[in-house]
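All chains, please: the whole structure from these sequences, using the hints.
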Amino acid sequence: MKPNMWSWLAAIGISVSAGLPSSSLAQQAGPEYQLFLAGDELALCSSMAWQHCDDTNWIDNTSMRTDRYLNLTDKYVKPLLADERWPQHRRETRDDVADAIVIIRNRLNEDIVPERVFLEEFTRRATRYLYDNLSEREWNLVVDHLEMPVPQGKTDTARLDELVLPAKRDILEAFIRQASLVKQAQSKDDKVPTIVIAAVGARDPFTAVEPFLSGFAQAGANVQWLPLDAAVNTAQRTKQCNELEALRETELGTWHRARVHADKHRQQLEFCNSPLAGIKMIDQADGLFIVGNDPSLVRAALLNPLSQPTDIMTSIYLKMKANRLVVGATSDAMNALTARAMVASGTSAEALRSGAIAGEAPPFACNKDDSCPRNMNQDSVSYHPLGGVGLFEFASLDGQFSDLGRHGRLLSVAATTATPLAVGIDARTALAVNVHSGAFTVLGERGVFFAPAPQQVEHSVVSAFHYLTAGASGQFVDNDISNVTFAKRDNVVQEDPTTRFLNKRGAVDSLRLICQQRDQFNLIENEFRLMVIADDATQRQKSGGECQVMNARMGISWQPEKF
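Residue numbers (mature numbering (1 follows the signal peptide of the UniProt record, and there is no 0)): -26 to -1, 1 to 537.
Just so you know, these hints were derived from the structure itself, not from any lab. One thing to keep in mind: the hints can contain errors.
[Said to hold, decoys possible] Computed cross-link-like contacts, EDC-like style, restricted to lysine to aspartate or glutamate with a CA-CA straight-line distance of at most 20 Å: (1) K462 / D144; (2) K238 / E219; (3) K238 / E217; (4) K254 / D164; (5) K478 / D377; (6) K52 / D69; (7) K478 / E499; (8) K516 / E432; (9) K516 / D470; (10) K478 / E501; (11) K536 / E432; (12) K213 / E223; (13) K536 / E499; (14) K52 / D70; (15) K165 / E147; (16) K49 / D73; (17) K342 / E66; (18) K254 / E217; (19) K516 / D493; (20) K162 / E6; (21) K254 / E244; (22) K342 / D69; (23) K52 / D85; (24) K478 / D353; (25) K49 / E84; (26) K213 / E225; (27) K342 / D34; (28) K238 / D41; (29) K165 / E6; (30) K213 / D285; (31) K128 / E223; (32) K52 / D29; (33) K342 / D106; (34) K128 / D237; (35) K52 / E223; (36) K49 / D69; (37) K128 / E89; (38) K342 / D70.
Have a look at this one:
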């Protein structure tokens, strides 16, 4: 256990093995892996996300939700334009938004339009300049205010069996199988697992949770929504459940969710006013799946302002440690599962230029509306020094890793905080971990990056590293990995290779050179340099066109004076 999160449990006499015999937890019946760390959002094939579907003939417009619909009449537009919604220095932009809505309404000759159509029209030549000048907060403000109520009985319906990308389905089905092992250990008669979905990492949990509810149900699980988020946590702590709508604005950056999702609002309000409801749901669950892409929102939903776990978080931790709960998380929300320093935001380029900063993440595109915190910009790398919610004790985490070239940002945070191990998980990939033994396996399509003991000097970071692809396995031991078995598979990543490494796959694409018996390569992108070195201690193994390595070294630096 980490003293910054869970040592207080021992101090008050609570054992993580509560309710189990005294023999080794790792030997108890139940799941092989208690944690599933997914490197991307695992966007599902659904009636509102048909672009992720192999076939769309099953989508029924009459019974399923297929889009967000926006109302362009004064009834919806006037509240959007109210002065209190726009700071003084953005009132001119507010007026431009009003003009743009009039232009779009007149062009379409419609009062009600799908969000997709609204976006297409807003990004046409006449108003593209305005769209590019809006911060993420301002765009969300516009769309949330214009959104109409969800039609009664219609939901965003998902189908796992129609996913274009089989890797996503494989990850989710593997999670369900582990939850089934929990159920089987508790009941000989009922083998259908109960899985709770918590969209605590999403700005709009009501919208984010729907496809996962229907997707897991379609896969054969009993599914429930845990109506928890940062606003509910604040409301319960301050006894302001009747102020949920206002708290959603301040804690989540959402507006009018009670109007748009009336049924879910009522359900969440009832949950908020029942302090034990969440604990009861966790007690009855075999799996908990955390959805979203904002690790700071996960922290805010499951911890208090002093970074102490809420009662729900304590229940999650104790039950997972007792081998009676499997926990999964997607995308950057996954970052928050660590007990080490938590990566919150930023780019590799900015990490090398300016370093990593302890503090809250700056709002996305905050440079556009001047909302960036002092001494930060939209690309600043931020981290929480007290870590996340503490379920993964072995390393700091980062998702969408190779795909967004996040090596520089993860290594910088780990080096700044003296974190002894950093783990980056690619998109379409998951790391399944046994929290008792440290055993792990890589699932999905791509790979996982492990960096023991990163070090840095000004504008440079270096580390030993390992890279394993889907099908590989090993064990976390002494701030590193051991007992590794390389993957052997034929699947090949289909994207064209690139040498760009700051925000693309250049680092892992170029790693293929190491499996061609090259011992070194250099990549240059603008004012940045990446170097990888192998030696006699380096182990190499091809898998599906990718290169797995153990015990190579990587250095990334910003060198403006040399270019």
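Quick rundown of the hints versus the structure:
With a C-alpha separation of about 17 Å, the suggested pairing of K462 with D144 holds against the 20 Å cut-off. Taking the CA atoms of K238 and E219, the gap is about 12 Å. The hint holds against a cut of 20 Å. At most 20 Å may separate the alpha-carbon atoms for a hinted pair to count; K238 and E217 meet this at roughly 15 Å. Under the criterion of a C-alpha separation no larger than 20 Å, the hint pairing K254 with D164 is consistent with the structure, at around 19 Å.
With a C-alpha separation of about 5 Å, the suggested pair K478 and D377 falls inside the 20 Å cut-off, and the hint holds. A distance of roughly 11 Å separates the Cα atoms of K52 and D69; the hinted pair therefore holds under the 20 Å criterion. Under the criterion of a C-alpha separation no larger than 20 Å, the hint pairing K478 with E499 is consistent with the structure, at around 11 Å. Between the alpha carbons of K516 and E432 the distance comes to roughly 35 Å, so the proposed pair goes past 20 Å and is violated.
Taken as a hint, the K516 and D470 pair is honoured in the structure, with Cα atoms around 18 Å apart against an allowance of 20 Å. A distance of roughly 16 Å separates the Cα atoms of K478 and E501; the hinted pair therefore holds under the 20 Å criterion. For the given pair, K536 sits about 15 Å from E432 by alpha-carbon distance, which is consistent with the 20 Å threshold. Our distance criterion of 20 Å between C-alpha atoms is met by K213 and E223, whose separation comes to about 17 Å.
The hinted pair formed by K536 and E499 meets the criterion: a straight-line CA distance of about 12 Å does not exceed 20 Å. With a C-alpha separation of about 14 Å, the suggested pairing of K52 with D70 holds against the 20 Å cut-off. About 15 Å separates the Cα atoms of K165 and E147, which keeps this hinted pair within 20 Å; it holds. In summary, the hint linking K49 to D73 is supported, as the alpha carbons are separated by about 16 Å, within the 20 Å threshold.
Pair hint K342 plus E66 holds up; C-alpha atoms about 13 Å apart against a cutoff of 20 Å. Distance hint between K254 and E217 is unfulfilled; the C-alpha atoms sit about 24 Å from each other, more than 20 Å. A C-alpha spacing of about 15 Å is found between K516 and D493, which places the hinted pair at or below 20 Å, so the restraint holds. At most 20 Å may separate the alpha-carbon atoms for a hinted pair to count; K162 and E6 meet this at roughly 18 Å.
For the given pair, K254 sits about 14 Å from E244 by alpha-carbon distance, which is consistent with the 20 Å threshold. Straight-line distance between C-alpha atoms of K342 and D69 comes to about 16 Å, which keeps the hinted pair within the 20 Å bound. As the CA atoms of K52 and D85 are separated by approximately 14 Å, the hinted pair is consistent with the 20 Å bound. A threshold of 20 Å between alpha carbons decides the hint, and for K478 with D353 the separation of about 16 Å falls inside it, so the pair holds.
A distance of roughly 15 Å separates the Cα atoms of K49 and E84; the hinted pair therefore holds under the 20 Å criterion. Simply put, K213 and E225 have alpha-carbon atoms about 15 Å apart, close enough for the 20 Å limit, and the pair holds. Proximity of K342 to D34 is assessed by CA-CA distance (about 40 Å); at most 20 Å being required, the pair is judged violated. The suggested pairing of K238 with D41 holds, with an alpha-carbon distance near 17 Å, which does not exceed 20 Å.
A hinted pair counts as satisfied when its Cα atoms are at most 20 Å apart, and K165 with E6 qualifies at roughly 16 Å. Distance restraint check for K213 and D285: the Cα-Cα separation of roughly 15 Å lies within the 20 Å cut-off, and the hinted pair is therefore satisfied. Under the criterion of a C-alpha separation no larger than 20 Å, the hint pairing K128 with E223 is inconsistent with the structure, at around 25 Å. This hinted pair does not check out: K52 and D29 have alpha carbons roughly 40 Å apart, beyond 20 Å.
Of the pairs offered as hints, the one joining K342 and D106 holds, with about 9 Å between alpha carbons and a cut-off of 20 Å not exceeded. Proposed proximity of K128 and D237 is supported: the alpha carbons are some 11 Å apart, at most 20 Å. Our distance criterion of 20 Å between C-alpha atoms is met by K52 and E223, whose separation comes to about 18 Å. Our distance criterion of 20 Å between C-alpha atoms is met by K49 and D69, whose separation comes to about 17 Å.
Between the alpha carbons of K128 and E89 the distance comes to roughly 17 Å, so the proposed pair stays at or under 20 Å and holds. A distance of roughly 15 Å separates the Cα atoms of K342 and D70; the hinted pair therefore holds under the 20 Å criterion.
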